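2 protein chains.
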Amino acid sequence: MVQAWHLVSRPEGTLTMENVELRDVPLPPLAEGQIHVRNHWLSVDPITRLRMRGDYQGAQPPFALGEPIGGVATGVVVESRSPLFSPGDRVKHQLGWRDEAVGAAELFGKLPDIDMPEQYFMHYMGVVGLTAWSGLVKVAEARAGDVAFISAAGGGVGSAAVQIAKILGLRVIGSAGGAEKCAFVRSIGADAVIDYKAPGGMEEKLRQVAPEGIDVYLDNVGGDHLDAALGLANTHARFAISGTVGNYDNGEAATLRNFSRVVGQNIRLQGYIAPREYGADMLAFQHQMAEWIASGRISICESVFEGLERTPEAFISIFTGSIAGKILVRL
Amino acid sequence: MVQAWHLVSRPEGTLTMENVELRDVPLPPLAEGQIHVRNHWLSVDPITRLRMRGDYQGAQPPFALGEPIGGVATGVVVESRSPLFSPGDRVKHQLGWRDEAVGAAELFGKLPDIDMPEQYFMHYMGVVGLTAWSGLVKVAEARAGDVAFISAAGGGVGSAAVQIAKILGLRVIGSAGGAEKCAFVRSIGADAVIDYKAPGGMEEKLRQVAPEGIDVYLDNVGGDHLDAALGLANTHARFAISGTVGNYDNGEAATLRNFSRVVGQNIRLQGYIAPREYGADMLAFQHQMAEWIASGRISICESVFEGLERTPEAFISIFTGSIAGKILVRL
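Each protein sequence line maps, in turn, to chains F and L.
Each residue of the first sequence is one higher than the last, beginning at 1 in my numbering.
Each residue of the second sequence is one higher than the last, beginning at 332 in my numbering.
Think of the hints as simulated: they come from the structure by calculation, not from any bench.
Quick caveat: nothing in here was measured; it's all calculated off a predicted structure.
Positions of the beta carbon are idealized from the N, C-alpha and C atoms, including for glycine.
Each hint should be verified, as a subset may be incorrect.
Claimed, not checked - Covered stretches of chain L, as calculated for chain F (at least 3 residues, CB under 8 Å): (1) 567 to 574; (2) 585 to 596; (3) 600 to 612.
Construct the complete structure from the given sequences, taking the supplied hints into account.
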């Protein structure tokens with residue numbers, strides 16, 4: 001039986017189990033030009049929370065009530081009526097929180113012919129890795145010797161960024177919540193770690209570990225992290241802003257006490273959505289990342305939930321924030 | 332008798348006449364390497380308010396209590412004991428709110444040999460013009476067809492930016508306070524003008540005149556203007572942030588409801604201090620600007636206060652904001 005998670009009501013604040021329902025769905029016979037995929041892995045990502053808002057305006061539409069929840073997944077083609085795919089092909093798609101998927105061949109992308117486990121293409125070998133790499137190299141133009149501050153350094157993008165920044169020759173300061181996650185961030189090479197859950201203000205904590213200021217900031221949380229980074233930014237600091245997980249649940253305003261330093265320090269803040277801006281660099285990046293992983297210079301950090309039924313739990317854990325590394329669901 | 336304005340107490344909020352005093356100052360005999368200048372024109376600028384704060388940290392030091400107030404002035408050399416200057420040379424300096432100045436030749440800059448009235452070199456032909464031009468061309472990389480939103484369009488930087496943007500082929504929306512100033516902004520070529528003092532929210536006002544969104548924003552006020560610009564920014568919009576006059580008096584935090592659009596729209600915010608970043612372009616810019624002025628493509632907008640004793644009044648009028656164009660004092 002094919003099953004898919006559906007959105008039955010719109011969450012206020014954090015998603016709850018009342019907002020979603022696992023339902024049986026029909027599997028129609030394959031039409032000409034379609035393929036049938038068995039999913040092996042699902043990715044849970046903050047963007048999904050945005051699409052649960054009825055008024056979301058973005059590259060992808062909001063989810064309709066009573067309809068299946070989309071999201072990134074990988075799997076294998078089991079049946080094909082398209083000349084583009086053959087049974088056995090490894091594919092990635094966005095048809096989401098379900099165990100099998102049927103759709104037009106154009107909705108699926110073949111994984112590149114690089115010898116890496118398929119779920120890696122949903123994090124370090126995919127958009128997550130590209131976001132970390134392009135944020136550092138393309139957006140923030142990080143150079144050896146720079147001091148980089150990386151928010152949510154225990155997460156998917158953050159943990160990739162910490163490791164890439166060390167390879168590039170930067171001094172790296174990461175933030176994470178709780179002793180365990182901080183220890184993890186130090187274990188992957190960060191020179192200093194800030195526990196944002198510990199008592200005290202972010203700006204003071206950052207000043208203690210970066211008395212010389214910061215040159216690069218990778219932001220995917222916003223709020224007090226961004227304000228602290230503005231407070232410690234050196235002249236010509238570059239901020240790469242890839243998302244504000246902290247604001248996804250509540251849509252609150254950014255209050256930035258240090259914003260006026262943007263002028264005096266000639267700071268650049270650049271928002272980016274990596275696959276849209278740097279999609280053309282993806283394959284070259286994937287080959288580079290595969291080499292870093294194969295040679296042991298980059299360690300993979302995955303936290304895996306087992307079974308389709310645990311998908312909402314895995315998703316909620318992004319926001320409650322105690323789990324290190326990329327969060328995945330294995331079917 | 333030589334006179335200079337002195338800072339006698341630090342203002343809270345807007346400067347008042349209690350904070351300053353016009354005092355006689357001695358004119359020492361000229362030492363070797365010094366020159367003596369008779370000022371013709373004084374410029375009043377927001378940066379002076381920042382330097383009145385005891386804790387100001389910037390490229391220039393804060394003013395000491397009981398000491399003369401610095402600022403930009405132009406005049407003519409009346410006596411020289413330096414090989415660098417001869418009597419009759421036109422010069423610019425930062426010795427401020429006084430009728431005559433004596434100092435080391437290094438403190439003075441000779442005006443370039445371009446046939447324009449000397450006070451123009453304190454606005455359109457100087458840092459004010461360079462800030463407008465470099466903000467549009469270098470920082471925001473404005474292109475013909477872009478829609479530009481220009482804050483404080485009735486002021487020095489803003490009125491220069493409106494006219495330069497029209498020459499570059501942009502659609503231009505300016506903001507100004509009050510019907511008179513708005514009429515002025517329209518008279519220098521803006522396609523639409525927003526009266527920020529009229530009832531209603533800035534974002535809604537901007538949406539009405541820019542339903543297609545904005546591509547370029549020149550910010551020197553911050554606050555609700557910046558938030559409105561974020562709310563209407565198109566994908567890849569570029570913001571050039573040259574100062575936050577609105578915050579100079581009170582140092583308050585920026586509250587930006589629309590900040591999360593930085594990510595989704597790939598917006599770039601770049602702070603800059605034009606003479607520091609683009610000083611090397613100054614002479615080329617001055618020749619270009621002189622050509623625009625001489626050919627009538629750019630109109631000069633000056634508001635002149637007569638006499639040294641009116642300098643504080645001229646300065647305060649920057650912040651109370653009812654006067655159009657660059658504000659100057661003629662001695």
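A quick look at each hint next to the structure:
no. : hint       : result
1   : 567 to 574 : holds (count 3)
2   : 585 to 596 : holds (count 11)
3   : 600 to 612 : holds (count 7)
Consistency with the previously given hints is maintained throughout, with no hint failing.
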